[in-house]
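Colleague: Chain residues, written in single-letter form:
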Amino acid sequence: DTGVSQDPRHKITKRGQNVTFRCDPISEHNRLYWYRQTLGQGPEFLTYFQNEAQLEKSRLLSDRFSAERPKGSFSTLEIQRTEQGDSAMYLCASSTSGGQGADTFGSGTRLTVV
Amino acid sequence: DAKTTQPNSMESNEEEPVHLPCNHSTISGTDYIHWYRQLPSQGPEYVIHGLTSNVNNRMASLAIAEDRKSSTLILHRATLRDAAVYYCILRDRGSQGNLIFGKGTKLSVKP
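Protein chains in written order, with this note's numbering: chain A, 2 to 115; chain B, 582 to 692.
A portion of the hints provided could be inaccurate.
[What the hints assert, rightly or not] Beta-carbon label-pair distances, calculated as ranges:
#: 1; chain 1: B; residue 1: Pro588; chain 2: A; residue 2: His11; range: 26 to 34 angstroms
#: 2; chain 1: A; residue 1: Ser98; chain 2: B; residue 2: Lys684; range: 26 to 34 angstroms
#: 3; chain 1: B; residue 1: Asp648; chain 2: A; residue 2: Arg65; range: 42 to 50 angstroms
#: 4; chain 1: A; residue 1: Ala103; chain 2: B; residue 2: Arg662; range: 13 to 21 angstroms
#: 5; chain 1: B; residue 1: Thr633; chain 2: A; residue 2: Ser63; range: 20 to 28 angstroms
#: 6; chain 1: A; residue 1: Gln85; chain 2: B; residue 2: Glu596; range: 42 to 50 angstroms
#: 7; chain 1: A; residue 1: Ser59; chain 2: B; residue 2: Leu620; range: 20 to 28 angstroms
#: 8; chain 1: B; residue 1: Asn637; chain 2: A; residue 2: Thr77; range: 38 to 46 angstroms
#: 9; chain 1: B; residue 1: Ala646; chain 2: A; residue 2: Ala54; range: 35 to 43 angstroms
#: 10; chain 1: A; residue 1: Ser63; chain 2: B; residue 2: Glu595; range: 40 to 48 angstroms
It is worth saying that the hints were derived from the structure and are not from the lab. Cβ coordinates follow ideal geometry from the N, Cα and C atoms, glycine included.
Start from the sequences, fold in the hints, and give me the full structure.
Modeller: Below is the structure:
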């Protein structure tokens with residue numbers, strides 16, 4: 002297993018376009034998280050899945066954002082009608098449920114909205 | 582989750598020990614202390630965690646104060662590859678949710 006994979010690594014899009022990012026977690030991890038990180042700040046939580054169920058969404062996740070995790074495997078994060086304020090690094094993390102085990106993060110997708 | 586306070590930045594010389602402090606005066610009895618670090622252009626990486634006793638692993642040591650209101654991450658011999666932002670995070674024992682990151686401490690390592 003090569004860890005958490007995110008695709009693409011970089012995305013440049015024009016304002017108003019839709020974008021979709023993919024996250025492939027570690028195969029045996031049933032929890033999956035999405036975070037957003039802007040320059041100079043720590044990552045901010047967006048949403049969380051346990052298996053295929055989306056259990057929690059941050060107030061940061063506006064109605065332009067949607068996330069899915071079909072069959073409890075990979076996950077996608079879609080942003081509709083992108084705005085310049087959406088420019089950020091989008092990070093995915095996965096972990097197993099129970100205990101205090103480490104969360105494993107991907108390298109992120111850097112989104113630039115022009 | 583309770584808040585933590587860390588210095589914005591620290592400097593170290595290569596091959597010297599580094600002590601990164603974290604204050605968490607409002608920690609509850611069920612909060613674990615986690616440390617993650619983030620290298621430039623990478624996602625955060627787990628470093629270590631503990632509850633009450635000091636902990637050691639191949640990356641670092643975690644020293645926890647007796648009253649648990651503060652802790653220190655110790656890198657025994659800093660290398661240039663240890664230059665990163667280090668985050669101290671409290672996570673409740675029963676938590677199944679996300680990590681709450683602050684701004685962390687940016688560690689610079691001089692050759």
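Colleague: For each hint, tell me whether it holds in the structure or not.
Modeller: Verification of the supplied hints:
no.	hint	verdict
1	Pro588/B / His11/A: 26 to 34 angstroms	32 angstroms, holds
2	Ser98/A / Lys684/B: 26 to 34 angstroms	29 angstroms, holds
3	Asp648/B / Arg65/A: 42 to 50 angstroms	46 angstroms, holds
4	Ala103/A / Arg662/B: 13 to 21 angstroms	19 angstroms, holds
5	Thr633/B / Ser63/A: 20 to 28 angstroms	41 angstroms, violated
6	Gln85/A / Glu596/B: 42 to 50 angstroms	44 angstroms, holds
7	Ser59/A / Leu620/B: 20 to 28 angstroms	25 angstroms, holds
8	Asn637/B / Thr77/A: 38 to 46 angstroms	39 angstroms, holds
9	Ala646/B / Ala54/A: 35 to 43 angstroms	39 angstroms, holds
10	Ser63/A / Glu595/B: 40 to 48 angstroms	45 angstroms, holds
The structure does not agree with numbered hint 5 stated previously, though it agrees with all others.
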